[in-house]
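Novice: Here are the chains, one letter per residue:
Number of protein chains: 2
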Amino acid sequence: MKEARVMIVGFGVVGEGVAEVLDSKKKQLEKLGVKLSLVAVCEKDGCIVDEKGIGVSELLKLKKAGELQKHSGWKKKMRSVDAIREVDCDIVVEVTPTNVESGEPGLTHIATALDSKKHVVTSNKGPLALKFSELVEKAEKNNVELKYEATVCGGMPVFNMVENALASNEIKSIKGILNGTTNFILSRMHETGVTFEVALKEAKEMGIAEEKPDYDVKGIDAAAKITILANALMGRKLAYKDVKRVGIEEIIPEGIALAKKSGFAIKLIGEITGDKASVSPQLIPLGHPLNVGGTLNALMLETDLAKEVIVIGRGAGKIETASAIISDVLEIVKSRK
Amino acid sequence: MKEARVMIVGFGVVGEGVAEVLDSKKKQLEKLGVKLSLVAVCEKDGCIVDEKGIGVSELLKLKKAGELQKHSGWKKKMRSVDAIREVDCDIVVEVTPTNVESGEPGLTHIATALDSKKHVVTSNKGPLALKFSELVEKAEKNNVELKYEATVCGGMPVFNMVENALASNEIKSIKGILNGTTNFILSRMHETGVTFEVALKEAKEMGIAEEKPDYDVKGIDAAAKITILANALMGRKLAYKDVKRVGIEEIIPEGIALAKKSGFAIKLIGEITGDKASVSPQLIPLGHPLNVGGTLNALMLETDLAKEVIVIGRGAGKIETASAIISDVLEIVKSRK
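One line per chain: the protein sequences are C and P, in this order.
Take 1 as the starting number for the first sequence in this note's numbering and just add one per residue.
Take 1001 as the starting number for the second sequence in this note's numbering and just add one per residue.
To be clear, the hints were calculated from the coordinates, so they are not data collected in a lab.
Among the clues, some could well be false.
[Stated by the list, open to error] Calculated cross-link-like contacts (lysine-lysine; reagent style DSS-like; alpha-carbon spacing at most 30 Å):
(1) C/Lys307 / P/Lys1026
(2) P/Lys1031 / P/Lys1070
(3) C/Lys172 / P/Lys1035
(4) P/Lys1141 / C/Lys27
(5) C/Lys61 / P/Lys1172
(6) C/Lys61 / P/Lys1307
(7) P/Lys1141 / C/Lys334
(8) C/Lys307 / P/Lys1141
(9) C/Lys201 / C/Lys237
(10) C/Lys26 / P/Lys1307
(11) C/Lys31 / P/Lys1334
(12) C/Lys172 / P/Lys1212
(13) P/Lys1237 / P/Lys1260
(14) P/Lys1044 / P/Lys1276
(15) P/Lys1237 / C/Lys27
(16) C/Lys2 / C/Lys52
(17) C/Lys138 / P/Lys1027
(18) C/Lys334 / P/Lys1212
(19) P/Lys1212 / C/Lys276
(20) P/Lys1131 / P/Lys1218
Using the sequences plus the hints, can you model the full thing?
Specialist: So this is what it looks like as structure tokens:
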């Protein structure tokens, strides 16, 4: 049995999903020969630390009641960076919200964890979209792993798929729908002929778009993902600001209708070909495998040996993202001697 | 650098592809810290053995000229089973043609290799569709690995994807297009309105269908794949003969036209739900991600955490299949201590 102690930094929706899966998959993980224990959970206003292992059901109950501070392991004044440095653990799961301007607080958390010789698994796009090479080098220097399957399309295996199942393949180009919110809006416009504003309103009502939707509709989220894909899968030294970016706010029903009449749908496509990386609306033939509807994501990899490989799946969601994080954690544990 | 000695059993199209990729990817593999050397190649009428490593370019030249027997390492009377037993090597790549009735000669090759404590990588569906549990148990007993990514849709990562990228997910159902030849025929019928016979003739002319097309059009190939998927991904003790199977020969243009008018395409679908496994023509909505055209394959996995994940890619092809085999070889080499 391989054992590993895990710490969760950022206890929002994703962090909660990770704790839930650690609990619900306990037996299945033990069958795979892996025993994971949760030794710390960090929030903005304090941390819970218990190096003997935090009971997940009690933790989730307190979280739901908004009473984490009542936990016996609660340390009010402990900051996340200090916990990352001081708590005896193997893997830091960094799941604070993405900020593509500063990368913080994730950037400091991840750098601190790597410098403390702790493996890192993250769903946070900001630090990787801004400082990919620096963080990868820091991981190598400290002889620990940095894994980020959950940063690009949570429910879709991308990085681990290429690393393992497409090992020895060279990725020649990448093209895909990388944001579920904009895909939902464009799919509704395509199906019903409504305006962008109406489709956005609907998406907000369904909880698919946030109140301030810029991050999605301006293509910021997709551009951060394209940056990570370019660096991780194609070895490009690309920064987030290098991605040419056009959002979907200017798309009008007449444009969609004209495309539809000609056998196309308009999709927000992230693409890396040659030296260029972009996120912009593109015409996709109706019968094309990338032309998926609803909130689905789709990614087409052109490879030298396996040729084109397309993966379609859920881009986000609490448990889908937790699934990606757990697969990264398992990869790290399995590869440890 | 991790080193491994590889032997190829069956030197047809797939075997040749494996040798080509071993050669063309040599540097890239060394970058990944892996050095593979080819120490034996077995054919029906003899084997080439050179434990110092067979030069691939010379080998391919002789193969193309039909003069393998001129190789300095040629052993005319050596049978494959003897070579598998006697040649000092780590991994046996078994790529003889599939026979779903007897599983031979692959079944004997694979069993012999496992009993000789050699790892096995295969593209041969027969042995696994007939004796999955027995072979897996034999591998476990001998403490070696049996990998078979190339048996199901060569260019599409399936088993390694689930094992690594979807680790900890439970697969609840599987549904997909698992045969490129029949998908080509049905796609042509859908697009142009021709009969099955005309589309089949076209497929033969293009080298997509074989002269005796039963294996594909009767769903035999897809049923063998469904058997392997059910055993490997869902732990079902299913044998090839348990799969309910209907081919595509009875499909008439009128049926396709009616489906099309109602927004569907007819596709040959392999499916595992509950206790049932089948291969049969099904109506798939035109906008559905499984509705891929040409010779493409598509597989939808319903999982508990990541929800539905769809992979689309090339089902067969020399280099695509070799890509799957090399990814298996690398998984074995990487996991060796």
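Novice: Evaluate each hint against the coordinates.
Specialist: Comparing the hints with the structure gives:
1. In summary, the hint linking C/Lys307 to P/Lys1026 is supported, as the alpha carbons are separated by about 19 Å, within the 30 Å threshold.
2. For the hint pairing P/Lys1031 with P/Lys1070, the CA-to-CA distance comes to about 34 Å; that exceeds 30 Å, so the pair is violated.
3. Between C/Lys172 and P/Lys1035, the direct Cα distance comes to roughly 24 Å. Compliance with the 30 Å bound is thereby established for this hinted pair.
4. At most 30 Å may separate the alpha-carbon atoms for a hinted pair to count; P/Lys1141 and C/Lys27 meet this at roughly 24 Å.
5. Taken as a hint, the C/Lys61 and P/Lys1172 pair is honoured in the structure, with Cα atoms around 29 Å apart against an allowance of 30 Å.
6. In summary, the hint linking C/Lys61 to P/Lys1307 is supported, as the alpha carbons are separated by about 25 Å, within the 30 Å threshold.
7. The straight-line distance between the Cα atoms of P/Lys1141 and C/Lys334 is roughly 21 Å, inside the 30 Å bound, and the hint therefore holds.
8. Of the pairs offered as hints, the one joining C/Lys307 and P/Lys1141 is violated, with about 37 Å between alpha carbons and a cut-off of 30 Å exceeded.
9. As the CA atoms of C/Lys201 and C/Lys237 are separated by approximately 38 Å, the hinted pair breaks the 30 Å bound.
10. With a C-alpha separation of about 19 Å, the suggested pair C/Lys26 and P/Lys1307 falls inside the 30 Å cut-off, and the hint holds.
11. Using a Cα cut-off of 30 Å, the hinted pair C/Lys31 and P/Lys1334 holds, with the two alpha carbons roughly 21 Å apart.
12. Restraint check: the Cα-Cα separation between C/Lys172 and P/Lys1212 comes to about 37 Å, which exceeds 30 Å; the hinted pair is violated.
13. Proximity of P/Lys1237 to P/Lys1260 is assessed by CA-CA distance (about 37 Å); at most 30 Å being required, the pair is judged violated.
14. About 38 Å separates the Cα atoms of P/Lys1044 and P/Lys1276, which puts this hinted pair outside 30 Å; it is violated.
15. Proposed proximity of P/Lys1237 and C/Lys27 is supported: the alpha carbons are some 22 Å apart, at most 30 Å.
16. In summary, the hint linking C/Lys2 to C/Lys52 is supported, as the alpha carbons are separated by about 16 Å, within the 30 Å threshold.
17. A threshold of 30 Å between alpha carbons decides the hint, and for C/Lys138 with P/Lys1027 the separation of about 26 Å falls inside it, so the pair holds.
18. Proposed proximity of C/Lys334 and P/Lys1212 is contradicted: the alpha carbons are some 46 Å apart, above 30 Å.
19. A hinted pair counts as satisfied when its Cα atoms are at most 30 Å apart, and P/Lys1212 with C/Lys276 does not qualify at roughly 47 Å.
20. Distance hint between P/Lys1131 and P/Lys1218 is fulfilled; the C-alpha atoms sit about 22 Å from each other, no more than 30 Å.
Checked against the numbered hints given earlier, the structure breaks hints 2, 8, 9, 12, 13, 14, 18 and 19 and satisfies all the rest.
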